[in-house]
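Novice: Construct the entire structure; sequences and hints are all you get.
Number of protein chains: 2
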Amino acid sequence: MVAMSPYVVQPIGHVESPLVDLAAAPKQGYEGSPLAWLVFHSEVSEAARDINVGDELIVLTWLDRADRDVQVVHPRGEPANPMRGVFSTRSPDRPNPVGVHRVEVVAMDGLRVQVRDLEALDGTPIVDVKSVLAYVE
Amino acid sequence: MVAMSPYVVQPIGHVESPLVDLAAAPKQGYEGSPLAWLVFHSEVSEAARDINVGDELIVLTWLDRADRDVQVVHPRGEPANPMRGVFSTRSPDRPNPVGVHRVEVVAMDGLRVQVRDLEALDGTPIVDVKSVLAYVE
Numbered sequence: 001m002v003a004m005s006p007y008v009v010q011p012i013g014h015v016e017s018p019l020v021d022l023a024a025a026p027k028q029g030y031e032g033s034p035l036a037w038l039v040f041h042s043e044v045s046e047a048a049r050d051i052n053v054g055d056e057l058i059v060l061t062w063l064d065r066a067d068r069d070v071q072v073v074h075p076r077g078e079p080a081n082p083m084r085g086v087f088s089t090r091s092p093d094r095p096n097p098v099g100v101h102r103v104e105v106v107a108m109d110g111l112r113v114q115v116r117d118l119e120a121l122d123g124t125p126i127v128d129v130k131s132v133l134a135y136v137e
Numbered sequence: 001m002v003a004m005s006p007y008v009v010q011p012i013g014h015v016e017s018p019l020v021d022l023a024a025a026p027k028q029g030y031e032g033s034p035l036a037w038l039v040f041h042s043e044v045s046e047a048a049r050d051i052n053v054g055d056e057l058i059v060l061t062w063l064d065r066a067d068r069d070v071q072v073v074h075p076r077g078e079p080a081n082p083m084r085g086v087f088s089t090r091s092p093d094r095p096n097p098v099g100v101h102r103v104e105v106v107a108m109d110g111l112r113v114q115v116r117d118l119e120a121l122d123g124t125p126i127v128d129v130k131s132v133l134a135y136v137e
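Quick note, the sequences are listed as chains B and D, same order. Counting from 1, one number per residue, gives the positions in the first sequence under the numbering used here. Counting from 1, one number per residue, gives the positions in the second sequence under the numbering used here.
Just so you know, the hints here were simulated from the structure itself, not pulled from any lab data. One thing to keep in mind: the hints can contain errors.
Note: identical chains are not told apart, hence a pair may lie in one copy or across any two.
Unchecked claim - Straight-line C-alpha distance at most 20 angstroms; calculated SDA-like pairs for lysine to any residue:
1. Lys130 x Met83
2. Lys130 x Pro18
3. Lys130 x Ala66
4. Lys130 x Val20
5. Lys130 x Glu43
6. Lys130 x Asn81
7. Lys130 x Val105
8. Lys130 x Arg76
9. Lys130 x Asp109
10. Lys130 x Glu78
11. Lys130 x Gln71
12. Lys130 x Arg68
13. Lys130 x Leu19
14. Lys130 x Arg84
15. Lys130 x Asp21
16. Lys130 x Arg112
17. Lys130 x Ile51
18. Lys130 x Asp117
19. Lys130 x His74
20. Lys130 x Pro75
21. Lys130 x Gln10
Specialist: See below:
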């Protein structure tokens, strides 16, 4: 990479999920993910204080089992799909493996937030959470 | 933060935009952003090789002018809006200031990709680019 300062992600929590097997996990959240928990660190409790059941959120994760040296892939891991640059795919393997997930909150328990449609593996670090809609909408 | 390994983002490029003033920039891309360029580093040329005019992409940026110590904000910077945890907003100020932008490619020039609806400031580092739709759709 060129001379540009690196930026350090400090995880704000992690995912708890029955998904532990990379090969068996769904490729996208809407393809049958089990319910999962976002577990926030106490240091970010103020940032998480207004999350409520029913909220639609964007969750960013650090896909810590991804290969950062991969630039082209067979999409969805299917050898029959022609090789494609990863910036035109949703492959987890990419230079900065940040996952983008749209989820819905189904339950709350303090700093634990249960969500549907999260395909991340158990233990995946959470980078950020945002509202889907701007506040004023 | 608790003892969890930090993760280092290596920018894959940067934004070129007429937007240089944080205060004057639109809050969201659909609120009147001018055309902007994604300028990729040559090191990721293979990852970017399949981007084409007309593509709808998710662009992740590192909002390098954000305040990472902020956990609650007046949404949209309006003092009349009640304070809210940043994970329930789209504020750029947050522990890991990664911006999520949905854009459309309108022109290409080698490693320079012109897009609409990108509200990032000039010089903002690019973290990742993904297709909006899964490849098979």
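Novice: If a hint holds in the structure, say so; if it does not, say that too.
Specialist: Status of each hint after checking the structure:
no.	hint	result
1	Lys130 x Met83	between (32 angstroms within a copy, 15 angstroms between copies)
2	Lys130 x Pro18	neither (24 angstroms within a copy, 26 angstroms between copies)
3	Lys130 x Ala66	between (23 angstroms within a copy, 15 angstroms between copies)
4	Lys130 x Val20	neither (25 angstroms within a copy, 24 angstroms between copies)
5	Lys130 x Glu43	within (17 angstroms within a copy, 30 angstroms between copies)
6	Lys130 x Asn81	between (33 angstroms within a copy, 17 angstroms between copies)
7	Lys130 x Val105	within (12 angstroms within a copy, 24 angstroms between copies)
8	Lys130 x Arg76	between (27 angstroms within a copy, 14 angstroms between copies)
9	Lys130 x Asp109	within (19 angstroms within a copy, 33 angstroms between copies)
10	Lys130 x Glu78	between (32 angstroms within a copy, 18 angstroms between copies)
11	Lys130 x Gln71	between (28 angstroms within a copy, 12 angstroms between copies)
12	Lys130 x Arg68	between (25 angstroms within a copy, 15 angstroms between copies)
13	Lys130 x Leu19	neither (23 angstroms within a copy, 23 angstroms between copies)
14	Lys130 x Arg84	between (29 angstroms within a copy, 12 angstroms between copies)
15	Lys130 x Asp21	neither (27 angstroms within a copy, 23 angstroms between copies)
16	Lys130 x Arg112	within (16 angstroms within a copy, 29 angstroms between copies)
17	Lys130 x Ile51	within (10 angstroms within a copy, 27 angstroms between copies)
18	Lys130 x Asp117	both (15 angstroms within a copy, 18 angstroms between copies)
19	Lys130 x His74	between (31 angstroms within a copy, 15 angstroms between copies)
20	Lys130 x Pro75	between (28 angstroms within a copy, 12 angstroms between copies)
21	Lys130 x Gln10	within (16 angstroms within a copy, 22 angstroms between copies)
Consistency with the previously given hints fails for numbers 2, 4, 13 and 15, ordered from lowest to highest.
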